[in-house]
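Engineer: These are the residues of each chain, in order.
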Amino acid sequence: MLLNRILLLGLVVTSVVFASSFAQAQNYPTKPVTVIVPFAPGNFTDTMARIVLPAVETALGQSFVIENRGGANGIIGTSSVARAEPDGYTILIGTNGTQSAAPSLYSTLNYDPLEDFDSIALLGTISSVLLVSASSPLNSMEDVIAEAKKRGGMLNYGAPNSTARFSAARLEMLAGIKLTEVPYSGTQQALTDLIGGRVDMLFNGVGSSTDLVRDGKVKALGVTYQNKLAAFPDIKPIADVVPGYFSYGWLGVFAPKGTPQDIIERLNNVFNEALQNPEVRSRLETASFDIRIGTPLDLDQLVSDDIKIWADVAAAAAWVKY
Amino acid sequence: MSSLLDNLMLGFQTSLSLSNIGFCFVGCLLGTLIGVLPGLGPAATIAMLLPITFTLDPSAALIMLAGIYYGAQYGGSTTAILINLPGEATSVVTAIDGYQMARNGFAGKALAAAAIGSFVAGSIATLAIAAFGPLLSAVSLSFGPAEYCALMALGLVVSSVLAQGPLLRAFAMVIVGMLIGTVGIDVTSGYPRFSFGITELSDGLNIVAVAMGLFGLAEIMRNLGDFQRRELMATKLKGLFPSREDLRAITAPVLRGSFIGTVIGVLPGGGALLSSFMAYAAEKRFAKDPSRFGKGAIEGVAAPEAANNAGAQTSFIPLLTLGIPSTAIMALMAGAMIIQGIRPGPGIVHEQPQLFWGLVTSMWVGNLILLVLNLPLVGLWARLTTVKYDYLSLGIIAFCCIGVYTINGLPSDLLVMVVFGALGVIFIELECELTPLILGIILGPMFEEYLRRAMLLSQGDPSVFVTRPISAVLLMMCVIAILLVTLPNFRKIRKEALQEE
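Protein chains in written order, with the numbering used here: chain A, 1 to 322; chain B, 1001 to 1501.
Worth flagging that the hints you see were computed from the coordinates, not collected in a lab.
It is possible that part of the hints are untrue.
[What the hints assert, rightly or not] The calculated lysine to any residue pairs, modelled on SDA-like cross-linking and capped at a C-alpha distance of 20 Å, are:
(1) K178/A - S1189/B
(2) K219/A - S1142/B
(3) K321/A - I1185/B
(4) K178/A - T1188/B
(5) K321/A - R1193/B
(6) K217/A - E1351/B
(7) K217/A - L1136/B
(8) K321/A - G1197/B
(9) K217/A - V1139/B
(10) K217/A - H1350/B
(11) K321/A - S1195/B
(12) K321/A - Y1191/B
(13) K321/A - F1194/B
(14) K321/A - T1199/B
(15) K150/A - T180/A
(16) K217/A - L1135/B
(17) K217/A - G1347/B
(18) K321/A - V1183/B
(19) K321/A - T1188/B
(20) K321/A - G1204/B
(21) K1295/B - V1161/B
(22) K217/A - A1138/B
(23) K178/A - L1456/B
(24) K217/A - R1343/B
(25) K308/A - T125/A
(26) K321/A - G1184/B
(27) K178/A - G1460/B
(28) K217/A - G1133/B
(29) K150/A - S1458/B
(30) K219/A - G1347/B
(31) K321/A - D1186/B
(32) K219/A - A1138/B
(33) K321/A - V1187/B
Hey, can you work out the whole structure from these sequences and the hints?
Structural biologist: Below is the structure:
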């Protein structure tokens, strides 16, 4: 009798718990969701978010409102999400820059990418190609390495962002060469100087490279992804020459730590479905954004692996944190 | 030539379709209305209105965005003229003489001169894009760090030459501006400078917040502090539209401005901004009586407006021919293209000629619409200057705050605006001019970045600046500009010295 009551109570309790958590994910979202994009409108991350989110809105029947909080390479917006209420109504479009590079670049970083966030879904990766100007004597990765050794560190590369800087530093580390970094404040100037033959090499995103390569304005020597890319079927991965080499940017969706697990699962499903929507797919492909489908755990793994790789490269290149 | 005509015809078939004229009109109207709010320049306006265009078809979306762009550009000039609030850096020069004209009761004339100048320049630039697009993109490729560095140097020299007061003070203000411009992360070394560990300062001072403070808030504080000055504000409007003599006076300046803007506007990184300054400086040089400048010379409004509008259009060239966005606004346009499923770049011309030429010709249509839209509005805008200043000033402050806050959503930007408002009052009281200061703030960091990059690429050899022809010519122009302004002074001093003997 007593046992029965206890069982009954247990049943009631568990069903209430189940029902409430079930209801939470079932009802979510009951109001608009704020999506923090930690960059200015029109930036690559912002553009990708604006392509994916309409499909998410359709699936969940609520609006997902983008709030651009740019500044300090995405750190300002990202740290605001780290401090947001973990109720599923504030999510972040994070990048390899804000989640894996930042700990190696800033000593005053006011969030911990692993401790302060729950991963929702990886959206995709952005690979780069190593470009040289059309008139450059360099024609292959082997040439680059030989030339870098011959010129004893004077071969230079344009560095308009931390991903490009990282790609070059990792190449230096794995190929055992030294290069000269020429910092830029934006890709446009770096590309102009590359085409004009003033800077030797540039790691540039695939999207803005394809037309320039096709028109013969620049030559592509290698892709930074481990495998060949659809956009450059003839260009070998750098890894073929420098074993173990890869370097790519990525975008992922994150929530503040402590967001209910069922909401995270639901968002993961919805974002993955959105990525498979044919129209979304074709637009992302236009931007040479390579869609990746995965679980929240996959993204967790990527972030923690990436943080280590960045730290290694930063140590090898003796970058000073500031 | 016939292919050019064919292309233009193809373009007009797209841009003159009824729906596209409609979108162009809506874009221009929205752009003007939002751009006229202080602090909301073209970049902020486009960013805000970007989502509206997502559901449209690609050519309609781009035509509308382009309309928003020059609409906002034009709106920014309107506030520069009426209330001394340049909506963005390119209208800083317009404010110099435009605001003086407004204070003298000629707000209508100034606005009309700006509209007409913009239209003429827009038409010339449209033709230039159609005829010489690829050639102009070659110009942008030939500019490396050494050339940019020399161009920035010329800009800095010209900005101090532009000043009305003593040359030494103008130079001092340029230098102070350059120093203020060093705040933030140094591009070359990656180290933060003068940011005191404050993350919000790591990108440097928000230039719009600085301009709103220096020009807008400072002017309001001064007007409110001085009763007589305030009474003067509510002037009777005189002559709403330019007379035939006015039109004759601005013809040559507008043409010169269009030419300068068309060429310099192509250069990524500061091109459009420099073009308006260069145009103003050129007019001051060409003028029979340069002393009228700064006191409400109509040429001083028409020429820079023409230049910045021409520059605004030719800044599309690097994006459309190389896929390289030359300004923050062009980066937004590139983003809009990607969202529409179009990859910006040289491929557009061949793969989607109707889109490319449609966009080019829509620029001309847009300029025509702006002219038609704004000439009737001139009277309405001009009447703003007759509103009682107590109310007007409150409105301006409110809109400045909203505008500055919308750019990044950072409360710290509002503090920056207030601090520079106070600094502005102090500088004006000390009779130090603000135009060279803001130019120093904007051009200084660019000058430094290009200088150091040029030295990095030349492996420390400074001779690149004189051995590269374009850079050598630009530096020579700097020297000439300095000589031109200092020599008369020396002569005057010598004359005075001689008279005393």
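Engineer: The structure should be examined with respect to each hint, and the outcome stated for every one.
Structural biologist: Results for each hint:
no.	hint	verdict
1	K178/A - S1189/B	holds, 18 Å
2	K219/A - S1142/B	holds, 19 Å
3	K321/A - I1185/B	holds, 12 Å
4	K178/A - T1188/B	holds, 18 Å
5	K321/A - R1193/B	holds, 14 Å
6	K217/A - E1351/B	holds, 18 Å
7	K217/A - L1136/B	holds, 16 Å
8	K321/A - G1197/B	holds, 13 Å
9	K217/A - V1139/B	holds, 15 Å
10	K217/A - H1350/B	holds, 16 Å
11	K321/A - S1195/B	holds, 15 Å
12	K321/A - Y1191/B	holds, 9 Å
13	K321/A - F1194/B	holds, 16 Å
14	K321/A - T1199/B	holds, 14 Å
15	K150/A - T180/A	holds, 13 Å
16	K217/A - L1135/B	holds, 15 Å
17	K217/A - G1347/B	holds, 13 Å
18	K321/A - V1183/B	holds, 18 Å
19	K321/A - T1188/B	holds, 15 Å
20	K321/A - G1204/B	holds, 19 Å
21	K1295/B - V1161/B	holds, 16 Å
22	K217/A - A1138/B	holds, 12 Å
23	K178/A - L1456/B	holds, 15 Å
24	K217/A - R1343/B	holds, 17 Å
25	K308/A - T125/A	holds, 18 Å
26	K321/A - G1184/B	holds, 15 Å
27	K178/A - G1460/B	holds, 18 Å
28	K217/A - G1133/B	holds, 17 Å
29	K150/A - S1458/B	holds, 18 Å
30	K219/A - G1347/B	holds, 17 Å
31	K321/A - D1186/B	holds, 14 Å
32	K219/A - A1138/B	holds, 18 Å
33	K321/A - V1187/B	holds, 15 Å
In summary, the structure agrees with every hint in the numbered list given earlier.
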